[in-house]
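Asker: Protein chains in written order, with my numbering: chain A, 1 to 120; chain B, 1 to 120.
Worth flagging that the hints you see were computed from the coordinates, not collected in a lab.
Where is the CB? At the ideal position from N, CA and C, for every residue including glycine.
Each hint should be verified, as a subset may be incorrect.
To be verified - Restraint ranges, calculated between C-beta atoms of paired labels, are given here: (1) B:Pro-100 - A:Gln-110: 17 to 23 Å; (2) A:Arg-22 - B:Gln-62: 28 to 34 Å; (3) B:Leu-57 - A:Thr-61: 55 to 61 Å; (4) B:Lys-2 - A:Gln-30: 47 to 53 Å.
Unchecked claim - Here are some of the chain A residues that sit facing chain B, going by a computed Cβ distance under 8 Å: (5) Lys-2; (6) Arg-12; (7) Arg-22; (8) Arg-88; (9) Phe-91; (10) Ala-117.
Number of protein chains: 2
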Amino acid sequence: MKAIILFGHGARDVRWREPFDRLAQLWRSQNANVPVELAFLEMMQPSLEEAVSALSLGGATQITVVPVFFGQGGHLRNDFPVLLDACRAKFPAIALSATPAVGEDLAVLQAIVDFGARAL
Amino acid sequence: MKAIILFGHGARDVRWREPFDRLAQLWRSQNANVPVELAFLEMMQPSLEEAVSALSLGGATQITVVPVFFGQGGHLRNDFPVLLDACRAKFPAIALSATPAVGEDLAVLQAIVDFGARAL
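Input sequences plus hints: build the corresponding full structure.
Answerer: Next comes the structure, spelled out in structure tokens:
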């Protein structure tokens, strides 16, 4: 069974995660057959490993991790592959893949440009 | 004259800014009559004040700042208003306004969900 993890940076301010919760709700309303979990690099729970564990317990066998980051900086280039490899070692029965950061997607960038244009 | 600033967090890794450069290019290709500058909270140049200064020298009188952040955490709730007010004090002839974070926009969230769905 396929599943998805929306992976964000995390922040001290709990309200920072509101758009992530909204993202997960949106996902559930449109892709009810593909379980989704949020996961955070730091300062927020669950961790990537906890999210993989939860989806695995729910029956997931193929998990795609989507980094909800604009840029591919040190976190995604250095920290994220280490976390992914640790999860692969801990959950060998799960096929774990990752997409580029959402900020690499032209449609995401276009939505941001449109938002700015509407605000003028 | 209206202008826009796309305001990001900034990072140590210079490649982190690539999607921001792409955003600015996309803006220029679609809104050539509205000058755009990037600005960063920390670790990258220019600062918000430098971006306002550059646009002001170019003739801008109304500047909209779009926070290219997912969540409204401490940076946007605390640091950003202070920076905005400092710019207003330094450039009293400029009407400076700000939008919510782009992560508050449903179309941006939908583009992220679509990106994830295509990746499965």
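Asker: The structure should be examined with respect to each hint, and the outcome stated for every one.
Answerer: The hints, checked one at a time:
1. B:Pro-100 - A:Gln-110: 17 to 23 Å: Since the Cβ atoms of Pro-100 of chain B and Gln-110 of chain A sit about 18 Å apart, the hinted range of 17 to 23 Å holds.
2. A:Arg-22 - B:Gln-62: 28 to 34 Å: holds, 30 Å
3. B:Leu-57 - A:Thr-61: 55 to 61 Å: holds, 58 Å
4. B:Lys-2 - A:Gln-30: 47 to 53 Å: Given about 35 Å between the Cβ atoms, the range is violated.
5. Lys-2: Because about 6 Å separates Lys-2 of chain A from the closest Cβ in chain B, which is inside the 8 Å limit, the hint holds.
6. Arg-12: OK, holds: Arg-12 of chain A within 8 Å of chain B, min 6 Å.
7. Arg-22: holds, 6 Å
8. Arg-88: Violated, about 18 Å.
9. Phe-91: Constraint on Phe-91 of chain A not satisfied, violated at 18 Å.
10. Ala-117: Cβ of Ala-117 of chain A sits 6 Å from chain B, so the hint holds.
Going through the hint list in order, the structure does not satisfy hints 4, 8 and 9.
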